[in-house]
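All chains, full assembly: derive it from the sequences and hints.
For the record, the sequence lines run as chains A and B.
The first sequence begins at 1 in my numbering and counts up one residue at a time.
The second sequence begins at 1 in my numbering and counts up one residue at a time.
If you are wondering where the hints come from, they were derived from the structure by calculation, not from laboratory data.
There could be a bad hint or two in this list.
[Unchecked claim] Straight line, CA to CA, 20 Å or less: simulated SDA-like cross-link-like pairs of lysine to any residue:
| # | chain 1 | residue 1 | chain 2 | residue 2 |
| --- | --- | --- | --- | --- |
| 1 | A | K92 | B | L30 |
| 2 | B | K202 | B | G170 |
| 3 | B | K92 | A | R31 |
| 4 | B | K384 | B | V323 |
| 5 | A | K92 | B | T53 |
| 6 | B | K92 | A | K92 |
| 7 | B | K384 | A | T53 |
| 8 | A | K92 | B | R31 |
One-letter residues, chain by chain:
There are 2 protein chains.
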Amino acid sequence: MRQRTAMLVVMLLVLLGLNGCQSPATVSELRGTGDLGLVIERATGSVLVVETTGNSVLGRIEGLGDLSHASVVYSRDGRYGYVFGRDGGLTKVDLLTRSIEDRVIQSGNSIGGAISQDGRYVAVSNYEPGGVKVFDSETLELVADVPATYTNAQGETARSKTVGLVDAPGNRFVFSLFDANEIWTLDVAGDTPDVTRYDAGKAPYDALITPDGRFYIAGLFGEDGLSMLDLWQPEAGAIDILPGYGKGEQQLPVYKMPHLEGWAIAGGRAFVPAVGHHQVLVADMNDWSLMERIPVQGQPVFVMASPDNRQIWVSFAHPRNDVVQVIDARTREIIRTLEPGKAVLHMEFTPRGERVWISARDSNRVTVYDTRTLEPVASFSAEKPSGIFFTSRAHSLGL
Amino acid sequence: MRQRTAMLVVMLLVLLGLNGCQSPATVSELRGTGDLGLVIERATGSVLVVETTGNSVLGRIEGLGDLSHASVVYSRDGRYGYVFGRDGGLTKVDLLTRSIEDRVIQSGNSIGGAISQDGRYVAVSNYEPGGVKVFDSETLELVADVPATYTNAQGETARSKTVGLVDAPGNRFVFSLFDANEIWTLDVAGDTPDVTRYDAGKAPYDALITPDGRFYIAGLFGEDGLSMLDLWQPEAGAIDILPGYGKGEQQLPVYKMPHLEGWAIAGGRAFVPAVGHHQVLVADMNDWSLMERIPVQGQPVFVMASPDNRQIWVSFAHPRNDVVQVIDARTREIIRTLEPGKAVLHMEFTPRGERVWISARDSNRVTVYDTRTLEPVASFSAEKPSGIFFTSRAHSLGL
Numbered sequence: 001m002r003q004r005t006a007m008l009v010v011m012l013l014v015l016l017g018l019n020g021c022q023s024p025a026t027v028s029e030l031r032g033t034g035d036l037g038l039v040i041e042r043a044t045g046s047v048l049v050v051e052t053t054g055n056s057v058l059g060r061i062e063g064l065g066d067l068s069h070a071s072v073v074y075s076r077d078g079r080y081g082y083v084f085g086r087d088g089g090l091t092k093v094d095l096l097t098r099s100i101e102d103r104v105i106q107s108g109n110s111i112g113g114a115i116s117q118d119g120r121y122v123a124v125s126n127y128e129p130g131g132v133k134v135f136d137s138e139t140l141e142l143v144a145d146v147p148a149t150y151t152n153a154q155g156e157t158a159r160s161k162t163v164g165l166v167d168a169p170g171n172r173f174v175f176s177l178f179d180a181n182e183i184w185t186l187d188v189a190g191d192t193p194d195v196t197r198y199d200a201g202k203a204p205y206d207a208l209i210t211p212d213g214r215f216y217i218a219g220l221f222g223e224d225g226l227s228m229l230d231l232w233q234p235e236a237g238a239i240d241i242l243p244g245y246g247k248g249e250q251q252l253p254v255y256k257m258p259h260l261e262g263w264a265i266a267g268g269r270a271f272v273p274a275v276g277h278h279q280v281l282v283a284d285m286n287d288w289s290l291m292e293r294i295p296v297q298g299q300p301v302f303v304m305a306s307p308d309n310r311q312i313w314v315s316f317a318h319p320r321n322d323v324v325q326v327i328d329a330r331t332r333e334i335i336r337t338l339e340p341g342k343a344v345l346h347m348e349f350t351p352r353g354e355r356v357w358i359s360a361r362d363s364n365r366v367t368v369y370d371t372r373t374l375e376p377v378a379s380f381s382a383e384k385p386s387g388i389f390f391t392s393r394a395h396s397l398g399l
Numbered sequence: 001m002r003q004r005t006a007m008l009v010v011m012l013l014v015l016l017g018l019n020g021c022q023s024p025a026t027v028s029e030l031r032g033t034g035d036l037g038l039v040i041e042r043a044t045g046s047v048l049v050v051e052t053t054g055n056s057v058l059g060r061i062e063g064l065g066d067l068s069h070a071s072v073v074y075s076r077d078g079r080y081g082y083v084f085g086r087d088g089g090l091t092k093v094d095l096l097t098r099s100i101e102d103r104v105i106q107s108g109n110s111i112g113g114a115i116s117q118d119g120r121y122v123a124v125s126n127y128e129p130g131g132v133k134v135f136d137s138e139t140l141e142l143v144a145d146v147p148a149t150y151t152n153a154q155g156e157t158a159r160s161k162t163v164g165l166v167d168a169p170g171n172r173f174v175f176s177l178f179d180a181n182e183i184w185t186l187d188v189a190g191d192t193p194d195v196t197r198y199d200a201g202k203a204p205y206d207a208l209i210t211p212d213g214r215f216y217i218a219g220l221f222g223e224d225g226l227s228m229l230d231l232w233q234p235e236a237g238a239i240d241i242l243p244g245y246g247k248g249e250q251q252l253p254v255y256k257m258p259h260l261e262g263w264a265i266a267g268g269r270a271f272v273p274a275v276g277h278h279q280v281l282v283a284d285m286n287d288w289s290l291m292e293r294i295p296v297q298g299q300p301v302f303v304m305a306s307p308d309n310r311q312i313w314v315s316f317a318h319p320r321n322d323v324v325q326v327i328d329a330r331t332r333e334i335i336r337t338l339e340p341g342k343a344v345l346h347m348e349f350t351p352r353g354e355r356v357w358i359s360a361r362d363s364n365r366v367t368v369y370d371t372r373t374l375e376p377v378a379s380f381s382a383e384k385p386s387g388i389f390f391t392s393r394a395h396s397l398g399l
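As structure tokens, then:
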């Protein structure tokens, strides 16, 4: 019975044109790229090319390797996506022809990447061997290899895992060294990449940069609080903020460390997933003091602001991960609880915020909600969908 | 001699492929639309299609009528530009084929437009006859005609000029009635458009909406200060802000009323062109109090923040309009004075802010500056260039 269902699904997918083999006639049609995006299918090493005007799937691209923790950045024209796979694979896909343009295995184990402000360079942060590699976005040729070396407790030179890699204004990258307790900036504006090192808190595990590219904030596994570097005055060094935020305060088992990229920065406030609590924290960005705790139904993973900063959408960790809650940013009250499917992994707003796309891995489903009515307006099948990435990210700093 | 130069220019343009008649082979090439834009050539009724990766001109589209005060919005896929001409013409141009897709003369005299959050509707604000018309963005069919009627001082029903039309979250438009001293919201989310009227100050002449789509601010010609409507709580009505901002304070002849769309909103502060003064005003957005006055070299027209909020670029009114000044947003000091040519009319940042494009009408020139070095990196000829509009506007509220 299960086999017949699977066959039916396959046949339906073929009928719906969801296979990777588009006829050239179809894919050579002129079209804008501003409403396109990619949905990661984590179990099958494939991505769906989608469009957000009619909320439809245009095609599938296969052969991208291990996509279990994959993310995507875009070329500045919105045509090419750079997919960072867990297995160290960096794949450049063409959203117009729906095919792989180029692919390199650049390390043994990687954890995400970024594209430079001017679009010329793609950087990947690696666990093994620890460091950052920089590639030409056009050719995927290696242009810089930056090993994350440090002196360990035994006085030996070692290499650190790198995490929380983002792009910053002035054609720089910023990342953290998990083993070395440092934050590095990597300037790629000149002929040779230029590294500057800053001390940070213990064991940074992830990071974000604010939408204006000014504040780089790293979550810490080794101590309470977070480390923040002000890129307008980096010479002041990284400072501690939000003490009591981190794992020292936890009272429940932590099912999944929250993504820092999922912080909502809205109207001078940061809406932050509490680690190990059924709470969203609200911090005043002027002094990073804690203003409020909003009770929610589970441990938050992503806490995302709609583009108009009016709504805060929250996804949750196992075992309460089949629910999404929507908070009104003005009243800080939960205005709706939605059930988009089993194991909700990611949410992505359309650039002007009229809709939000939500992936439910264990329901093999992506659902599109209207942000005004909070009702579903479309949905489609996907193979264990995780991250959703629209091409409008090409136009934002730090995404 | 002048004639021979003109002929040479034409021949060069033809050689460079800058004429409107591209061969189908050239224009049917697949390409992303995320790095495209349009430059208005105001005297010749034409637009240049440009790309910001190589800083080059791809082609010219002609036959758009009177473009002396033209602006552009984009379809959500970034392929089509909607050009609003002064003569009431609404022209839909295809940036990929570089041709006019459709064109309607929708009124006798218009002053700009906007596209709805979901991209379905294009609205135009008209002087004569006064009101707003809404068109289907796909077909340019008229879907709603909203006359701006009011009761005048003689007790008669009259129609007001409309100004300051912007899109707002929730699929709404907002605009001001110059003759009626009102601000209207127009909700196009349902089957029939729904108008709500709010009292405003005297003679609103232009308006802006903050980047998050929350605050609608109208400049007033009839009194000091501005009117502000908080769209998160419109029931509170429009309130007066920045008293002393407007014309009542002026001490110099005003050569050009500043564009309100040119306000820089950066880090909780608004950088505002002073009317009739050689100053940029800095206001605290929490209470709209005046924090500081920055002396500049002339009467500012556009005061624009770079996407990273780090720099404020200022253009000026006649007769000191051949200069652009750059202010450091942190120190509020002028860090550079540039001379991009005669009669600087507009500036547009690339979406992630690595470069800025500047048009100099009377030098027939567009120059591209690197925002880090503040040096020119490219320039090209254009016929009396004015507004520059990149397709990344498709992804922003209120642009």
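Evaluated hints:
Of the pairs offered as hints, the one joining A:K92 and B:L30 holds, with about 16 Å between alpha carbons and a cut-off of 20 Å not exceeded. With a C-alpha separation of about 28 Å, the suggested pair B:K202 and B:G170 falls outside the 20 Å cut-off, and the hint is violated. Only pairs whose Cα atoms come within 20 Å are accepted, and B:K92 paired with A:R31 is accepted, the gap being roughly 15 Å. Proximity of B:K384 to B:V323 is assessed by CA-CA distance (about 17 Å); at most 20 Å being required, the pair is judged to hold.
Annotation: proposed proximity of A:K92 to B:T53 holds, straight-line Cα distance about 18 Å (limit 20 Å). Taking the CA atoms of B:K92 and A:K92, the gap is about 33 Å. The hint is violated against a cut of 20 Å. Restraint check for B:K384 and A:T53: the C-alpha separation of about 36 Å exceeds 20 Å, so the hint is violated. At most 20 Å may separate the alpha-carbon atoms for a hinted pair to count; A:K92 and B:R31 meet this at roughly 15 Å.
Going through the hint list in order, the structure does not satisfy hints 2, 6 and 7.
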